[in-house]
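**Q** Spelled out from the first residue to the last, the chains are:
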Amino acid sequence: MKNYDLVVVGGGPAGLGAAIKARENGIENILVLERDHELGGILNQCIHNGFGLHVFNEELTGPEYAEIFVEKLRESKIEYRTNTFVLNISNNKVLDIINDETGFEKIEAKAVILAMGCRERSRGALKIPGTRPSGVLTAGTAQRLVNINGYNVGKEIVILGSGDIGLIMARRLTLEGAKVKLVLEIMDKPSGLERNINQCLNDFDIPLRLSHTISDIKGNDRVESVVVAQVDENLNPIKSTEEEIKCDTLILSVGLIPENELSKSAGVLIDSKSNGPIVDENLETNVRGIFACGNVLHVHGLVDNVTKESYIAGEKAADYIKALA
Amino acid sequence: MFDVIVIGSGIIGSYISRELSRYDLDVLVLEKENDVANGTSKANTALVHAGYDAKPNTNMAKFNVLGNSMFDKVCDELYVPFKRPGSLVLGFNDSDKNTIHDLYEKGIKNGVPGLSILDRKQLLELEPNIGDDVIIALHAATGGIVGPWELAIALMENAMDNGVSLNLNTEVIDIIKQESSFLVKTNQGEFESKILINAAGLFADTINNMVSNEKITINPVAGEYFLLDKTAQNLVSRVVFQCPSETSKGVVVTPTVHGNIVVGPDSIEILEKEDKATHKDRLDFIKNKALKSIKNIPFNENITNFTGLRASSTTGDFIIGEAKDVKGFINVAGIKSPGLSSAPAIGLYVSNLAVNILGDVKENSSFNPRRKKPLVFNDLTDDEKTEIIKKDKKYGNIICRCETVSEGEIVDCIKRNAGATTVDGVKKRVRPGMGRCQGGFCMPRVVEILSRELNIPMEEVMKNSKSSYILTGRTK
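Line by line, the protein sequences are chains V and U.
Taking the numbering used here, I'd label the letters of the first sequence as residues 1 to 325.
Taking the numbering used here, I'd label the letters of the second sequence as residues 1 to 476.
Be aware that a few hints might be false.
[To be verified] For the chain U half of the interface with chain V, some residues (derived, Cβ under 10 Å), not all of them: (1) Leu380; (2) Lys394; (3) Asn397; (4) Ser406; (5) Val423; (6) Ser467; (7) Gly473.
[As the list claims (entries may be wrong)] Dumping the calculated EDC-like pairs for lysine to aspartate or glutamate here, alpha-carbon to alpha-carbon at most 16 Å: (8) U:Lys280 <-> V:Glu242; (9) U:Lys466 <-> V:Asp221; (10) U:Lys280 <-> V:Asp216; (11) V:Lys127 <-> U:Glu301; (12) U:Lys273 <-> V:Asp221; (13) V:Lys218 <-> U:Asp275; (14) V:Lys218 <-> U:Glu274; (15) V:Lys106 <-> U:Asp229; (16) U:Lys390 <-> V:Glu105; (17) V:Lys127 <-> U:Glu272; (18) V:Lys127 <-> U:Asp284; (19) U:Lys55 <-> U:Asp102; (20) V:Lys106 <-> U:Glu387; (21) U:Lys393 <-> V:Glu101; (22) U:Lys391 <-> V:Glu101; (23) U:Lys372 <-> U:Glu77; (24) V:Lys218 <-> U:Glu272; (25) U:Lys394 <-> V:Glu101; (26) V:Lys155 <-> U:Glu459; (27) V:Lys246 <-> V:Asp216; (28) V:Lys127 <-> U:Asp229; (29) V:Lys264 <-> U:Asp229; (30) U:Lys373 <-> U:Asp360; (31) U:Lys390 <-> V:Asp100; (32) U:Lys476 <-> V:Glu176; (33) U:Lys391 <-> V:Asp100; (34) U:Lys394 <-> V:Asp36; (35) U:Lys289 <-> U:Asp266; (36) U:Lys230 <-> V:Glu261; (37) U:Lys393 <-> V:Glu105; (38) U:Lys373 <-> U:Asp76; (39) V:Lys106 <-> U:Asp383; (40) V:Lys106 <-> U:Glu384.
Derived by calculation from the structure, the hints in this document are not laboratory data.
Remember, predicted model here, so these are calculated numbers, not experimental data.
Built from N, CA and C at the ideal position, the CB exists for glycine as well.
In isolation and in its complexed conformation, chain V is listed as follows:
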């Protein structure tokens, strides 16, 4: 079994920042594991700008922001493996990994940093009633299809949720020639950044309806329409306010959930509010030597804050490893 001082699970901004910081703090034997075919995580599909204002004092696109860290990782000669999926982490920090070239392997680490990021809430989590046609997809999935695969996902679009990815996609799809008819937010204020409300909705005359949700989805094969309704103080749709809006696509931008299935396999305790691991001031979980940072810990509004947090995790994991010696 191969041994590492530190294994970082996830090659997005959190994992990259943590690995680089651990190296700066004297840890030699580091491995970063990434399930996709390249490093950078979800930043690779975020081709809009607005990243890095706080860390680098300039406005970068997602791929540019990621590239800075990927370059640094390579310069520091930190070992990484892409196309590598972690199946399990044991509480004594043995990781079961698979890779399409090297097959199944067990590796052992003195310390582990969890940096798996998060996933999007789906329609099922919201229990939106109606039929189940094609054309209902999360904002991140739409973003991947448009920006990575290069395909459009619909022509007449309604977006539920005013999270940042949804707002970004409202603009992106408009620029691709789609008609974004409406953005709905169940709360009485938008959940995304103000600058995104301005730059992605207002600049393109896309209406935002607050205190509104979707109460029905229609269409057997492809979405044909959605029913929009105002909500009462308990966030339930008010029947008398229902309005049917023709569209072929419903995009959901209704929140992110830290992805902690692997954390649980290692015996890491999860906070029921944040859905992330319970950590101390060193970002260490209840399992000694397992740390967490980035969106796997809690969902961040800005990648800059993920980076700052990843530096803490990298430094504290380095301290932990050095103290073992």
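Take the given structure of chain V and dock chain U to it, following the hints.
**A** Frame of chain V, contents of chain U only:
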């Protein structure tokens, strides 16, 4: 000229076809959808009932009890997930107590083995999360759970391995009874057969009424469901019913063969045979009913909601047999619950019926009851994982994170007989998109793989039905 044409490839049509493939016959299956098991077979409670529910001496009673006993063998032969965790019918008051004793008696009459009546204390030992008001229960040791569409797909694959032909996207428009054969007109041309079997599910009335003067009516009866995450799997370990009503066996809380929890269905007769919408008020009704059976059901771990349509005949029983006025035309209609449980017995019975009508039929000497074992990456040992990735690196590429499904499994399920052609077709067979993220990560990748393997443009990959397109063209 075919010996037999089977209309419909749900669990019933698939089972009949597979039984017919034991004989040296030319069999053609016509399916109007783009996949097998796309109707009632893919949206139901996935239960193999013990058989105490059906009125004694009905088709339902006869086929259910026999069918139940046949599941172990067929699921072993075809590598289909099946378990017998047993089932419980809960009683909350004195009237339920009587119902439960009646069910017990009915079960004995129907020949159901392994029945017993439990008091609350015995019940709590089996199911600690049982509701506070439950006082009594009927326990049926033979109650089972199965992957229903997986069984139908496996049956059709095996039937095709043994020589049966399947035409998808082929909708029957008219049937002409000729002297000793049937001319079946479809949107894809005409086909002729000596025997015609109607296994058209919700549309079995339309098919029957094209050729027989003994008209039948099939009404869709909708049931809605919750599917909960595997994180909820310790909630119950058996199939938990409430006392049945006239129209349905009531709201069930049950584990699935894959470790999820299903809650549902209700039972409402509707007008539209394609209306598979869910409704907030009906889901709330199911939720409140279910919480009487089982405490603390984590509805916040809901993965998806869905509606299934039962094909309910106005006779109240299965309609199985040769139409009185049309020789060689066999109806298998009104197959609502316990249709899945009865499918093995119905398949065998109808196949025998067809063979008897044809007369002088030879056995298929090369019939193989087994299909090629599908490899489930997640179930392999560490060494087996290494070995398979060495052989085919696609098994080392995990496409679905929630269910740990590899690219190798997806490619395999597309290439088999009765293989997947759509995103939901892949999902039904090897489960990417069945998990908690509902395809958020894997859907674009599954579209890429389908496009590559079927050699069609990305835009032509459908979610499910023929018009359920996902992409609308290239970006600028």
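**Q** The structure should be examined with respect to each hint, and the outcome stated for every one.
**A** Now the hints, each set against the structure:
1. Leu380: Interface hint status for Leu380 (chain U): holds (9 Å vs cutoff 10 Å).
2. Lys394: 7 Å, holds
3. Asn397: 5 Å, holds
4. Ser406: At 8 Å from the nearest chain V Cβ, Ser406 (chain U) passes the 10 Å test, so the hint holds.
5. Val423: With a minimum Cβ separation of about 8 Å from chain V (threshold 10 Å), the hint on Val423 (chain U) holds.
6. Ser467: 4 Å, holds
7. Gly473: 5 Å, holds
8. U:Lys280 <-> V:Glu242: OK: Lys280 (chain U) and Glu242 (chain V) at ~14 Å, within 16 Å.
9. U:Lys466 <-> V:Asp221: 8 Å, holds
10. U:Lys280 <-> V:Asp216: 9 Å, holds
11. V:Lys127 <-> U:Glu301: 10 Å, holds
12. U:Lys273 <-> V:Asp221: 14 Å, holds
13. V:Lys218 <-> U:Asp275: OK: Lys218 (chain V) and Asp275 (chain U) at ~10 Å, within 16 Å.
14. V:Lys218 <-> U:Glu274: 12 Å, holds
15. V:Lys106 <-> U:Asp229: Status violated; Cα separation ~28 Å.
16. U:Lys390 <-> V:Glu105: Satisfied, since the Cα-Cα distance of roughly 12 Å is no more than 16 Å.
17. V:Lys127 <-> U:Glu272: 23 Å, violated
18. V:Lys127 <-> U:Asp284: 11 Å, holds
19. U:Lys55 <-> U:Asp102: Holds. Lys55 (chain U) to Asp102 (chain U) sits at ~11 Å (cutoff 16 Å).
20. V:Lys106 <-> U:Glu387: Holds. Lys106 (chain V) to Glu387 (chain U) sits at ~15 Å (cutoff 16 Å).
21. U:Lys393 <-> V:Glu101: 6 Å, holds
22. U:Lys391 <-> V:Glu101: Judged against 16 Å, a Cα distance of about 10 Å means the pair holds.
23. U:Lys372 <-> U:Glu77: Holds. Lys372 (chain U) to Glu77 (chain U) sits at ~10 Å (cutoff 16 Å).
24. V:Lys218 <-> U:Glu272: Holds, at roughly 14 Å.
25. U:Lys394 <-> V:Glu101: Between Lys394 (chain U) and Glu101 (chain V) the Cα gap is close to 9 Å, so the pair holds against 16 Å.
26. V:Lys155 <-> U:Glu459: 14 Å, holds
27. V:Lys246 <-> V:Asp216: 12 Å, holds
28. V:Lys127 <-> U:Asp229: Satisfied, since the Cα-Cα distance of roughly 14 Å is no more than 16 Å.
29. V:Lys264 <-> U:Asp229: It holds: about 15 Å lies between the C-alpha atoms, which stays within 16 Å.
30. U:Lys373 <-> U:Asp360: Not satisfied, since the Cα-Cα distance of roughly 34 Å exceeds 16 Å.
31. U:Lys390 <-> V:Asp100: Roughly 8 Å between the alpha carbons, so the hint for Lys390 (chain U) and Asp100 (chain V) holds.
32. U:Lys476 <-> V:Glu176: Since the Cα atoms of Lys476 (chain U) and Glu176 (chain V) sit roughly 6 Å apart, the hinted pair holds (cutoff 16 Å).
33. U:Lys391 <-> V:Asp100: Status holds; Cα separation ~10 Å.
34. U:Lys394 <-> V:Asp36: 14 Å, holds
35. U:Lys289 <-> U:Asp266: Given that 16 Å is the threshold and the Cα spacing comes to 9 Å, the pair holds.
36. U:Lys230 <-> V:Glu261: 11 Å, holds
37. U:Lys393 <-> V:Glu105: At roughly 14 Å apart (the allowed maximum being 16 Å), Glu105 (chain V) and Lys393 (chain U) satisfy the hint.
38. U:Lys373 <-> U:Asp76: The hint holds at about 10 Å.
39. V:Lys106 <-> U:Asp383: 11 Å, holds
40. V:Lys106 <-> U:Glu384: At roughly 14 Å apart (the allowed maximum being 16 Å), Glu384 (chain U) and Lys106 (chain V) satisfy the hint.
Checked against the numbered hints given earlier, this structure breaks hints 15, 17 and 30; the rest are met.
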